[in-house]
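Undergrad: Going down the list, the protein sequences come from chains A and B. This note's numbering applies: residue 1 is where the first sequence begins, and numbers increase by one. This note's numbering applies: residue 111 is where the second sequence begins, and numbers increase by one.
Source of the hints: derived by calculation from the structure; they are not laboratory data. Computed from a predicted model, the values in this text were never measured in an experiment. Errors might be hidden in some of the hints.
Here are the simulated DSBU-like pairs of lysine-lysine, each with C-alpha atoms no more than 35 Å apart in a straight line [to be verified]: (1) A:Lys56 <-> B:Lys181; (2) A:Lys109 <-> B:Lys181; (3) B:Lys167 <-> B:Lys180; (4) B:Lys119 <-> A:Lys59; (5) B:Lys124 <-> B:Lys180; (6) B:Lys167 <-> A:Lys56.
Ranges of calculated distance between the beta carbons of each label pair, as one might list FRET restraints [to be verified]: (7) A:Ser30 <-> B:Ala112: 48 to 58 Å; (8) A:Arg60 <-> B:Phe120: 27 to 37 Å; (9) A:Val50 <-> B:Gly163: 25 to 35 Å; (10) A:Gly16 <-> B:Thr164: 29 to 39 Å; (11) B:Ser190 <-> A:Thr62: 24 to 34 Å; (12) A:Lys56 <-> B:Thr125: 43 to 53 Å; (13) B:Ser222 <-> A:Pro8: 25 to 35 Å; (14) A:Glu17 <-> B:Thr130: 40 to 50 Å; (15) B:Gly113 <-> A:Ile13: 37 to 47 Å; (16) B:Glu162 <-> A:Gly16: 28 to 38 Å; (17) B:Leu224 <-> A:Glu17: 41 to 51 Å; (18) A:Thr77 <-> B:Gly173: 15 to 25 Å; (19) A:Thr62 <-> B:Leu224: 26 to 36 Å.
All C-beta atoms in this analysis are idealised placements derived from N, C-alpha and C, irrespective of residue type, glycine included.
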Amino acid sequence: TQLLEQSPQFLSIQEGENLTVYCNSSSVFSSLQWYRQEPGEGPVLLVTVVTGGEVKKLKRLTFQFGDARKDSSLHITAAQPGDTGLYLCAGAVPTGKLIFGQGTTLQVKP
Amino acid sequence: NAGVTQTPKFRVLKTGQSMTLQCAQDMNHEYMYWYRQDPGMGLRLIHYSVGEGTTAKGEVPDGYNVSRLKKQNFLLGLESAAPSQTSVYFCASNPNGPRGQPQHFGDGTRLSIL
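Let the hints inform the model, and build the full structure from the sequences given.
TA: Here it is, written out as structure tokens:
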């Protein structure tokens, strides 16, 4: 069974602080996606990383795919209350499925 | 743009009752998926389909059945609902597999089994 361990599960920080969310596995994924989910809605894709070592930036969010394509991180600089939500990582496997991490609930206080 | 539409949005069932959750997508996507989301467990794949007329089991298929008679529709059935199936159910679609392609999610069906 392929597992994707996401940490931390909960994070409560003050506006302006930086944070990093980690996604780790012993399995290799063909790509890794990060989603953000608001209450009462489905997850929405933030980014997909495909190549080992790849780094993508989306405004204040930086996503990195590990060299071996087994792990990934999401770093948020100067967090804003609008960043509050559930962040999910998901690894793609060749059979066409996504394996999701447990999610990180982020609360950014004004 | 409708995207992925799930019905119903909420439902309360008694143990032993049956029901079908409906999912429709208007993007002509080949792949469709059913997930359940429980606190602290992320999204777990129940069943999925790689095209019209095909279905396959995911991580947690027991107690559920699915059908993909038309490309745009993917139905999830609970034959005899159990309290352990209380969850939020999400349907998703993807053009041709998740590698590099986003999954498009519906807004979920919140199901309570009493």
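Undergrad: Each hint: holds or not?
TA: Hint check results:
1. Straight-line distance between C-alpha atoms of A:Lys56 and B:Lys181 comes to about 34 Å, which keeps the hinted pair within the 35 Å bound.
2. Taking the CA atoms of A:Lys109 and B:Lys181, the gap is near 44 Å; set against the 35 Å cutoff, the hint is violated.
3. For the suggested pair B:Lys167 and B:Lys180, the alpha carbons sit about 18 Å apart, so the restraint of at most 35 Å is met.
4. The suggested pairing of B:Lys119 with A:Lys59 holds, with an alpha-carbon distance near 33 Å, which does not exceed 35 Å.
5. For the proposed pair B:Lys124 and B:Lys180, the alpha carbon gap of about 30 Å is at most 35 Å, so the pair holds.
6. Only pairs whose Cα atoms come within 35 Å are accepted, and B:Lys167 paired with A:Lys56 is accepted, the gap being roughly 33 Å.
7. Roughly 29 Å separates the CB atoms of A:Ser30 and B:Ala112, a value that falls outside the hinted 48 to 58 Å.
8. The hinted window of 27 to 37 Å between A:Arg60 and B:Phe120 holds, with their beta carbons roughly 35 Å apart.
9. About 30 Å separates the C-beta atoms of A:Val50 and B:Gly163, a value consistent with the hinted range of 25 to 35 Å.
10. In this structure the hint that A:Gly16 and B:Thr164 lie 29 to 39 Å apart at CB is violated, the actual value being about 50 Å.
11. Checked against the hint of 24 to 34 Å, the C-beta distance between B:Ser190 and A:Thr62 comes to roughly 47 Å, which is inconsistent with it.
12. For the hinted restraint 43 to 53 Å between A:Lys56 and B:Thr125, the CB-CB distance of approximately 46 Å keeps it satisfied.
13. As the Cβ distance of B:Ser222 to A:Pro8 is approximately 29 Å, the hint placing it in 25 to 35 Å holds.
14. A:Glu17 and B:Thr130 have their C-beta atoms about 46 Å apart, which keeps the hinted 40 to 50 Å range intact.
15. Against the hinted window of 37 to 47 Å, the Cβ-Cβ separation of B:Gly113 and A:Ile13 comes to about 32 Å, which falls outside the hint.
16. Look at B:Glu162 against A:Gly16: about 50 Å separates their beta carbons, and that is not inside 28 to 38 Å.
17. Under the hint 41 to 51 Å, the C-beta atoms of B:Leu224 and A:Glu17, about 42 Å apart, fit the expected range.
18. Distance hint for A:Thr77 and B:Gly173: a CB-CB separation of about 44 Å, inconsistent with the stated range 15 to 25 Å.
19. Between A:Thr62 and B:Leu224, the C-beta spacing of about 45 Å breaks the proposed range 26 to 36 Å.
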